[in-house]
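Residues per chain, in single letters:
There are 2 protein chains.
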Amino acid sequence: MFEIKAKDGKGRVGVLKTRHGDVKTPALMPVIHPRKQVIDVAKYGADIVITNAYLIYKDEDLKKKAIDEGLHKLINFDGPVMTDSGSFQLSVYGDVEITNKEVIEFQELIKTDIGTSLDIPTAPFVEREKAESDMEITIERAREAINYKKEQNMEMLLNSVVQGSTFLDLRRECARELSKLDADLYPIGAVVPLMESYHYRDLVDVVMNTMKDLSDTVPRHLMGAGHPMIFALCVAMGCDLFDSAAYILYAEDDRLLSTRGTFKLENLQEMPCSCEVCTSYTPDDLRAMPKEKRRDLIAQHNLHVSFAELRLIRQAIYDGNLMELVEERCRAHPALLEAQRQLGNYAEDLEKYDPRSKKSAFFYTGPESLLRPEVLRHMQKLREMPKKRDLVILPPTRKPYSKFISGKLGEFYVYGEEREIDLDNADFMVMDIPFGLIPLEIDEVYPLSQSDAPKTRDVDSIEFIEDFINEFGEYYEQVLIHSRIINDLDSDLYVKYSLSDDIRYKKDDVKKVKAIADYQFGNGAGDALFTGNINIEKSKKTGKIRHIYDGKVLIVNMRASDSYLILSKEGARRLHNATQYPKNRVVVNKDSEPFALDGKSVFCKFVVECDENIRAKDEVLIVNEEDKLLAYGKAMLGACEIEQFKTGQAIKTRKGMKK
Amino acid sequence: MFEIKAKDGKGRVGVLKTRHGDVKTPALMPVIHPRKQVIDVAKYGADIVITNAYLIYKDEDLKKKAIDEGLHKLINFDGPVMTDSGSFQLSVYGDVEITNKEVIEFQELIKTDIGTSLDIPTAPFVEREKAESDMEITIERAREAINYKKEQNMEMLLNSVVQGSTFLDLRRECARELSKLDADLYPIGAVVPLMESYHYRDLVDVVMNTMKDLSDTVPRHLMGAGHPMIFALCVAMGCDLFDSAAYILYAEDDRLLSTRGTFKLENLQEMPCSCEVCTSYTPDDLRAMPKEKRRDLIAQHNLHVSFAELRLIRQAIYDGNLMELVEERCRAHPALLEAQRQLGNYAEDLEKYDPRSKKSAFFYTGPESLLRPEVLRHMQKLREMPKKRDLVILPPTRKPYSKFISGKLGEFYVYGEEREIDLDNADFMVMDIPFGLIPLEIDEVYPLSQSDAPKTRDVDSIEFIEDFINEFGEYYEQVLIHSRIINDLDSDLYVKYSLSDDIRYKKDDVKKVKAIADYQFGNGAGDALFTGNINIEKSKKTGKIRHIYDGKVLIVNMRASDSYLILSKEGARRLHNATQYPKNRVVVNKDSEPFALDGKSVFCKFVVECDENIRAKDEVLIVNEEDKLLAYGKAMLGACEIEQFKTGQAIKTRKGMKK
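Top to bottom, those sequences are chains A and B.
Each step along the first sequence adds one to the number in this note's numbering, with nothing skipped, and position 144 is 144.
Each step along the second sequence adds one to the number in this note's numbering, with nothing skipped, and position 193 is 193.
The set of hints was computed from the structure by calculation and includes no laboratory data.
Possibly wrong hints are sitting among the right ones.
Simulated crosslink set (SDA-like; lysine to any residue; CA at most 25 angstroms straight-line) [stated by the list, open to error]:
id : chain 1 : residue 1 : chain 2 : residue 2
1  : A       : K399      : B       : H199
2  : B       : K359      : A       : E270
3  : B       : K63       : B       : I98
4  : B       : K455      : A       : L376
5  : A       : K24       : B       : L268
6  : B       : K455      : A       : R559
7  : B       : K5        : A       : T279
8  : B       : K652      : A       : E266
9  : B       : K652      : B       : S215
10 : B       : K264      : A       : R559
No experiment lies behind these values; they were computed from the predicted model shown.
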């Protein structure tokens, strides 16, 4: 039903399959009124629309036509159509003249592509008791709908809406319970009041908590979200579908959507975007038009900017710079910046989904960037790595640092026990924004060199780095800090180190590739991979390491773009011998063993277990349940996704061990 | 020639008049090759173009056609055309086969609208000696050109290009010398290498230093700037014109411009904007096309996004949120964020041009916002205001604070001499981001209430406020700080104040309007304006102060949107009596006296002097050189602009004293 094509953090480009065609997500479903379709939304980029089954049901004419000719004919749209169930009317009028079963039956009858059970939308900030009882009914109805669908062998896909108001534990409980059911999509309901009142911070809490317990294998639909200003943020939280009547409601009110907020036509002297409407008319032209013509043109503009933003978001996912886009978009309003800052508190949740390597460099856009998954991940890796006795901290140079650091390193200050430095028993690291400390051996690995930050530092990042150095220094007996850093930090905790002249960094390619292996595959991997007669081949053009052999046997290749190691057959064997099950491993079932041995790619449904530390783009070992090495390859998804998905590719196998 | 229509900071919407029509600025002039015009740039939004007079001069065919039929016919463009002189060729080939006089003569001959003298573009980071001698020749040639133009009675407008490489004092000197001449436009030259190498920080230094000494009365053209990513930043620095061949050069190289940077077609899976090209084709469509068709479509896209960005920038100037747009755009690349941070060091220069009141609220988008002109201005005003004995600092509430603060205020900590508080001898202020301290009496004045910041504070803003409180506390004998702030600041400098229960804020409308008058017109203005039988009338609907009378005589109105005071005739008289010449005054010459008395608006050319603290949107007094009060009104420009301009409105007069 749903497949992930590309991902960045929790954001994903996916394909949702319906009987009326495929939908590329993230997607916006314009709301279509069953009686009056003023705009041909398909013409402006809509691949899927949403309409209201209850409104059709309540209107004798519409009902008859929908039953006789089908929903698609009724609303004159050939692509996939989702229908809502009347829950909105329920939330407004307190009652509806239809039961859950009836609305399910009716939606199947009129051939909707995606139907919805009759959930109870609970407003934000209500009494807990109400939220709980509403949620229980919602879950019960979802269960009833799914059972009824199975019983009746219905063809339509089914939404099960997550409710729970602003009680985060209830949102999680609801998500957990619904994820046990076989729903095809999970809408997140009743968030419109949060968006209307600019409670974006609460929206982040609601969505991120829902996501904690929601299945990753089906699309998530943020119900009623239709303002392009928040699309990027919501996609970064894992939302795949948006719907909204905003495009037409705002147009009726002479308001133009933009990613920077909303423009009132009365205040416009200039048209704000590059769309056909904005290039063909001036604000005065629009103001002089008859109301209806103006409304249609503004609605077209609103659709253009909304679909353009979704294209840009999907492109950002392909490029791996979705968070940069989010951080830019969240400058549009302080309430959005507040939401962005709140999202930083969920960095651990985001990290699980974040690919290990991306096409784009990491751009620091402000203090919020310090809480990105990549930063968290690097610091955690540093804490886990084996440490030497002393730590030498150098100021940043051009990147890659190791290329520009040589000779006498200058004057140092010392913290801790003061004694003669043993250069072979010292870790050399560069201090820089935003990754704190970067060991010189691994400085070319993504994103440590593939990152950029302004030279003028904000106080947040200075404090962030100071805190990390203080914490990290505790691992060492002696910390030597370069005088330039001491000047920058303006700290008097340190005394000048008398033997500064002795401090040099000795480049050592073997040490380097071992450190990268440890960083990539875990402590000890370097020693295990690179034994024997190690022979390092470099690119004649760039001087970068390309291949590493034991004698004439290839162990690994090093990828130029991100300096990660790509295993060879021998490398896979060595890594397999050296690391404990299930580390670095994806475990496949008996049936798929021969295919893996043959070098065929591994699909999610054959995976029985995997190392929880696997992230998309990781190089992994493919083993059977007895830990026999079958093949090796590149992970397409993170561990938590591989475990949940029943369709799609998990590992792109590089080679099977049979060949 | 050039008139300012709207302004925000140093950014301005203007109109440049040429013999081929008016150009609304900021504007982009696409570069047109005199031989091959592949794109009809007018169709995509170009109002003015630039081409190269030297290339025409050097080509016998082109030269003949240009002389016979005119430049406009040659390049098939009806609007204003600017021509460059061959200086670019000079900088590349070291020599050109034309003299300064010849190129001026030729440009007039082919009927260019705006011609250029043969300046010497000096690359960044050259030897100082070279920069100096190049600059001297450039100035000399500008002088020669202008004299020659006058001598020959030429009709075309003239560019005088500012050079000086990256030597900031040379840029200033060049700007100063050229500003003495009668040029019609000032291009800023030889900055392309800075932009190509992402030296945006140096670009800011060069442009802002040039601006320090460049006349405000003519348009400034940032030569060779054509990437929409930097338009907003450059407009905020005072640039009015951009030119570039980027639209077509990038298209030839399959690269698409955007405000977020450049997309290579080969990396695109989605089209990145809402323009006609992006909605009509997919990246695959484009890739499959013949090279030429693809190039034309990408060039169209490039023009669409460039002109859309300029429209958006002009709208931001009308709305008064240009800096918010700049701060958003500068997230596109760390080198741009670095430039934005550098621009913060020129806050004083920007403040002089920043209108006192704007349509849009002040949005805090990150630490960079702390260096906006509005923040600097407020803090300076606070330093200057009269102080009571004690200072009471309260935590922020909803805005306007004074509306939500009442009753017992809670627990306080004390700093300074500890003694019983005298509520009548205490200033009550709220601590908040980004304005630091906001006296409760003036909290409704723009932008103190018309501002918003995220609730989660970054460390920069916390330190910024702490520093300001520490500095400002020195004015008082005793500072009482609310316990909630002490908790937030995590400071132990303070001890609990035992008499906290006594602390209340007494609202007092007379005190309030006096404080606003002092804030707006200077210390003492409040007492002078509001004497006699003060009678304050409030809006029945909002409860806000609307009119203030002495008995039945109106003194001022208070504007609801920004709480500034609008003088009546009596108010103007009182303010005039109370403040010293030239404070709050615009001084007009003898000739315009009767018009001012009659209530006619004041044009710049009649102003002989004015208070240097006047900013656009200020309420001002209009007097003659003997300081006789003639009228009062609203300033349309800031003091430094009023003094320089010889055309256009300076003051929109509210009333003349004769009537």
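Structure-based check of each hint:
For the suggested pair K399(A) and H199(B), the alpha carbons sit about 17 angstroms apart, so the restraint of at most 25 angstroms is met. A threshold of 25 angstroms between alpha carbons decides the hint, and for K359(B) with E270(A) the separation of about 16 angstroms falls inside it, so the pair holds. Note on K63(B) and I98(B): the hinted pairing holds, with a Cα-Cα distance of about 13 angstroms set against a maximum of 25 angstroms. About 23 angstroms separates the Cα atoms of K455(B) and L376(A), which keeps this hinted pair within 25 angstroms; it holds.
Note on K24(A) and L268(B): the hinted pairing holds, with a Cα-Cα distance of about 15 angstroms set against a maximum of 25 angstroms. Restraint check for K455(B) and R559(A): not satisfied, since their Cα atoms lie roughly 43 angstroms apart, outside the 25 angstroms limit. Note on K5(B) and T279(A): the hinted pairing holds, with a Cα-Cα distance of about 22 angstroms set against a maximum of 25 angstroms. Restraint check for K652(B) and E266(A): satisfied, since their Cα atoms lie roughly 23 angstroms apart, inside the 25 angstroms limit.
For the given pair, K652(B) sits about 23 angstroms from S215(B) by alpha-carbon distance, which is consistent with the 25 angstroms threshold. A threshold of 25 angstroms between alpha carbons decides the hint, and for K264(B) with R559(A) the separation of about 22 angstroms falls inside it, so the pair holds.
The earlier numbered hint that this structure contradicts is number 6, and it is the only one.
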